[in-house]
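Student: For this one, chain E is given, so just place chain G on it according to the hints.
There are 2 protein chains.
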Amino acid sequence: MDIQLIAIFVAPATALTALIYGIYLTKKVIREKEGEMKLVHIGKAVSDGAMAYLSQQFKVVTVFIAVLSILIALTLGVGISVTFLLGAIFSAIIGYFGMWIAVKANIRTANNALLGLNPALRTAFSAGTVNGMLVVGLGLLGVSLIYLWSYFTFISTGVDMVAKQATNVLVGYGFGAALLALFMRVGGGIFTKAADVGADLVGKVEKGIPEDDPRNPAVIADIVGDNVGDCAGMAADVFESYALTIVAAMILGGTMFGLKGVVFPLLARSGAILTSIFGTFFVKAKSDSENPINPLIRGFVISAVSAIIIFMVLAIYLLGEPRAGYAAVCGIIAMLALLYVTKYYTGPGEKSVVKAATAAKTGAGTNIIIGLSTGMESTFVSVVIVALTIYAGYLFLGFYGISLAGMGMLATTGIIMSLDTFGPIADNAQGMVEMAGLKGKAPSVTASLDAVGNTTKALTKGFAVGSAAVAASSLFATYFEATGLSSIDIANPKVFVGLLIGGALPFLFSSRLIGSVGRAAFEVVEEVRRQFREIKGIMEGKKLPDYSKAVAIVTAASQKELVIPAIMVVVLPIISSLLGAQALGGFLGGVVVVGLMLAFFMCNTGGAWDNAKKYIEDGNFGGKGSDTHKAAVVGDTVGDPLKDTSGPALNPMMKIVQIVALLIAPFVISLIGK
Amino acid sequence: MDIQLIAIFVAPATALTALIYGIYLTKKVIREKEGEMKLVHIGKAVSDGAMAYLSQQFKVVTVFIAVLSILIALTLGVGISVTFLLGAIFSAIIGYFGMWIAVKANIRTANNALLGLNPALRTAFSAGTVNGMLVVGLGLLGVSLIYLWSYFTFISTGVDMVAKQATNVLVGYGFGAALLALFMRVGGGIFTKAADVGADLVGKVEKGIPEDDPRNPAVIADIVGDNVGDCAGMAADVFESYALTIVAAMILGGTMFGLKGVVFPLLARSGAILTSIFGTFFVKAKSDSENPINPLIRGFVISAVSAIIIFMVLAIYLLGEPRAGYAAVCGIIAMLALLYVTKYYTGPGEKSVVKAATAAKTGAGTNIIIGLSTGMESTFVSVVIVALTIYAGYLFLGFYGISLAGMGMLATTGIIMSLDTFGPIADNAQGMVEMAGLKGKAPSVTASLDAVGNTTKALTKGFAVGSAAVAASSLFATYFEATGLSSIDIANPKVFVGLLIGGALPFLFSSRLIGSVGRAAFEVVEEVRRQFREIKGIMEGKKLPDYSKAVAIVTAASQKELVIPAIMVVVLPIISSLLGAQALGGFLGGVVVVGLMLAFFMCNTGGAWDNAKKYIEDGNFGGKGSDTHKAAVVGDTVGDPLKDTSGPALNPMMKIVQIVALLIAPFVISLIGK
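Line order of the protein sequences matches chains E and G.
Position 276, counted from 1, in the first sequence is what numbering that gives the first Met the number 0 calls 275; the numbers after and before it change by one each time, with no gaps.
Position 223, counted from 1, in the second sequence is what numbering that gives the first Met the number 0 calls 222; the numbers after and before it change by one each time, with no gaps.
Quick caveat, the hints were computed from the structure, so don't treat them as lab data.
Quick caveat, the model's predicted, so the values are computed rather than measured.
Take these hints with a grain of salt, some might be off.
Any copy will do: because identical chains look the same in the list, a pair fits if it lies in one copy or spans two.
Stated by the list, open to error - Calculated lysine-lysine pairs in the DSS-like style (CA-CA distance at most 30 Å, straight line):
(1) 613 x 360
(2) 440 x 26
(3) 548 x 354
(4) 350 x 559
(5) 535 x 360
(6) 623 x 541
(7) 438 x 613
(8) 354 x 559
(9) 206 x 623
(10) 37 x 206
(11) 548 x 360
(12) 360 x 559
(13) 629 x 354
(14) 354 x 58
(15) 629 x 613
(16) 440 x 342
(17) 629 x 203
(18) 203 x 285
Extracted from the complex, chain E is given alone in its bound form (with noise of 0.2 Å):
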């Protein structure tokens, strides 16, 4: 049999594999008890809050991906709109279904803590699982019906669409997701920052209650944004990446080794996808007093391991050049050391986190200062990584062997996604069960999961960087192939001039979202204060608070506070391009890679401030309430808007802008010259 044939059905077999998986969990996960009233009240407001965030968001973006379509099909052609539609519905489902089930899962975890470790880690790691297969399933999909239309276009045309419209594929696809990864991003966000800060200026610091007290009228605001921000944005995100890099896979390596080179990808993707699932299968406790790290470990290393063995099996027998396998497993191997990396820098009780954590006896300030050193030195070494990534796919295949890298890199996303959604599900269990004040096994369950959260959510974040940036350095090479530059030389002062400026727009974009958490907080203090004052009875107990007023306001306000960055995205490429389009490409790669390296250390400093806290607050060093612990805290609330806000969204930033010059770059060469 033909082996176009083979990709034409395995690998949309295999994406509905993964999401037929993702439904029968979800199934699963729904068949879960409630559990008693008071949580289930609980879980409504949250469900309630996250729906109507959604529902206001997909409002507003709505307009403007219908808007955009119609302008791109006036403009670029009606096949690059339905594949930029077809990208940012994908993205959307994700970002939507991802946080519909991390909601019903938070309540479920909550009540089947009360049985015992393995109930509750079985739902909450799958509940991720169906965040990851639909990541991983959306994503092979999309490409897999994008390669379908090619083939049959092919077939009765016998033009050979992927070689010609690979570059607006690409575009398209990949602008339609970034695009609503980046509303996601910025606005899930802010509206998760907005809230934490919100809540606890007015209740810890003013009121004097405790974090996750129902009295607080922002507390489920809060909670919501929990959800809003780390599962629905990173979806996205990461679904964004993914498909971006199977794309210049495919793209460049059908101009290497023709359609073996198209059909590799595919499958060693649709291989890698099994790996995740089979590796899901691995996660469960021996016993309730397993550390229930172990089992997400061992599902982890399964599913790298297998991944290796299926790329180096595709890149022998199907492509007959070991080199392409090679230059996947350097980008498995990459993932592998980001997940450490971030792990040693930023994760509970590591040696730089303790460091931190014994600064804050002397003041805020030193616990800053250490936490601030932490991260960058973790930044170098994360940029390193990443930098000896692309150099060795390089070495093996050029610009194919990068985009294979960046492929391996994403092979195991499936299972990264699901222990990286594991974390807020855990972290909101546990919060739920303190509200609902569940007793017996629950709260030892909850707080052990919470824990592992909280590891797997640092490792995942570097994750997350690293293969934005190859994602975006594969764009990077597409630009310059489309624009048919000889170069982008930056002894040419137009180029460096870009550079500048292309690297100071990173610190542009994350002023403004640091910013934008501050304003949008301060909206949320004023509300919960007026609740405090007019609703009479809230701090005794006898009345609730209006939960969704604060709700509704951080909706709004992470909405209106999305307008100036998305125009930053759009204008100052457009600006830059006015020196022509090799200073644009100067532009793009000051984005890359500064963006790169403020979104390493945003996020390491960030999670390394907040783990020393949970450090303080795990009993050392006087432990919470102690001047050491207020200093501590200190250091989180910094760090909040940095790990949560700003960092992540840079992200789809760089694509994004990345995803603009390759759009305007045709004009650019007609109007303006290289």
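Tutor: Below, chain G alone, put in the same frame as chain E:
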């Protein structure tokens, strides 16, 4: 008369004029009275400490420089070794005397404050001007000597040394100057902040005694630190940028315009020195009630405007090319813009600063977050100014235009250095007035001088970073020419990898320096605690602590902590060069782009926090001792190592890395290839 001969006479004559003016001012300052015994004692302790530090630093540096100069003589020739020594010695002289005069002026300014505003202002500003004259005088003298040497070589042998040896001279002279600047910036930066933090942590926090209290065993180290860090380091650093830009302009000018192009920078700089001297005559307060910022601004504006006139006149009548004048004027305007931007974002009482101070009402976390957001925005704006300056210079006259823009940026160096040194002198004078308990007019006079010093310090930091960036860009162009590369193409993965690793270096470097401050401060804390414990009667004021111990500890620690950063800036370019000369070019681009951003970011963010704290200390939001103040103190503590250690140290670091690359470039080309 031959234009070449004019330059041969005029340039050294102007340089000597500046130096003689400096000596005249030195004598004037020294002639002022030191005042009462208590003041004299404090002054002597500070002076002893400062000199102890410098002699220790020079011991280390001398060995290092001696070994290097022999190595350079053996591998690259005696000529380059001589220019290397010249650069190092001049830089050392500037650091040494600049600090020496500052130490002498502190106490005399304090004493003159008893007499009124003008005597105190004149003393502080005169001492600052000594520093300024040293920088510009030696800066021009060194280049004039090299020019003289090449002129006579040409007459006697017929070999055009300027063209032939240009790069070597640049490398030798620049390397010597940059190395000293790095040592002073890094050593001084660690010294000043370790002493500051160490003194505060035990004195203010543990013992509850006020700042600048003579009972604190680290108080003298703290005051010494201000001189070491702010005066010596800054002067050596700016001297190097000053020297680099003129050499670059002479080389490029020679290529484009022949002899006239070489002479033009020499004469333009001579003219600018005279305008700086001219400007200093206008720094006189009209009355005791005039805000001291006004005479400083008068002096500065007069020297800037006259510099513009001189540049234009020389460009039109000497060079016959008005565009050379335009390029230089762009640089002057850029410098003004940078001063303005730095003031706008970080100056005392400015909107952004008040915003950060207001945020301190809700705690240290929000204060720090707002500061970060401000610092990031200011980074974007500052980088865009630098980028536009480079582009404007390029539009006017290509690479020569860029170097002229750099010369324009540094045209008012004389008076800017005066303003910059004025800051720490005023600061320390105020500290001494407090320690010695001077009465009468003194406290109010030094308080108003100190307030102005805060403004000038805020202003001049952006100047140092911006001029270092332009100097580094000039070197970058030289690297390109020296290697004979046809391009440094970031679309080439090797170059992109170089760009990434180069961009990551400033993060590693800063991380290390921030950590150094922490380690050195820890040693101070231990010593201060020991003295309080073992020397009975300190707290009661019966016995004086042993000030020299703390000074000795920070001196030793700052020398020890120099080693690893120094190794980094040499080893990382060498490692990157393994990918070839183009990749090394990418590495350099990364270092400059990211180094520039981080330098602006750290200096401006730190400056904003500092002045936010001072705004509260001026009686706003509850003033000193309030919770808001305590929150702002945390921000200031975090900013200290950023704005006074790692941020400023990035300037010489960027330049050294470029020079190391130039040094190894021939070997890279022959051993590894392009």
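Student: With reference to the structure, classify each hint as holding or not holding.
Tutor: Now for the hints, and whether the structure bears them out:
no., hint, result
1, 613 x 360, "both (14 Å within a copy, 25 Å between copies)"
2, 440 x 26, "within (25 Å within a copy, 81 Å between copies)"
3, 548 x 354, "between (41 Å within a copy, 27 Å between copies)"
4, 350 x 559, "between (41 Å within a copy, 23 Å between copies)"
5, 535 x 360, "between (40 Å within a copy, 27 Å between copies)"
6, 623 x 541, "within (28 Å within a copy, 41 Å between copies)"
7, 438 x 613, "within (23 Å within a copy, 51 Å between copies)"
8, 354 x 559, "between (39 Å within a copy, 21 Å between copies)"
9, 206 x 623, "both (17 Å within a copy, 25 Å between copies)"
10, 37 x 206, "within (24 Å within a copy, 51 Å between copies)"
11, 548 x 360, "between (39 Å within a copy, 25 Å between copies)"
12, 360 x 559, "between (40 Å within a copy, 26 Å between copies)"
13, 629 x 354, "both (16 Å within a copy, 23 Å between copies)"
14, 354 x 58, "neither (46 Å within a copy, 34 Å between copies)"
15, 629 x 613, "both (12 Å within a copy, 24 Å between copies)"
16, 440 x 342, "within (29 Å within a copy, 59 Å between copies)"
17, 629 x 203, "both (12 Å within a copy, 19 Å between copies)"
18, 203 x 285, "neither (39 Å within a copy, 54 Å between copies)"
Going down the numbered hints, you'll see the structure goes against 14, 18, while the others check out.
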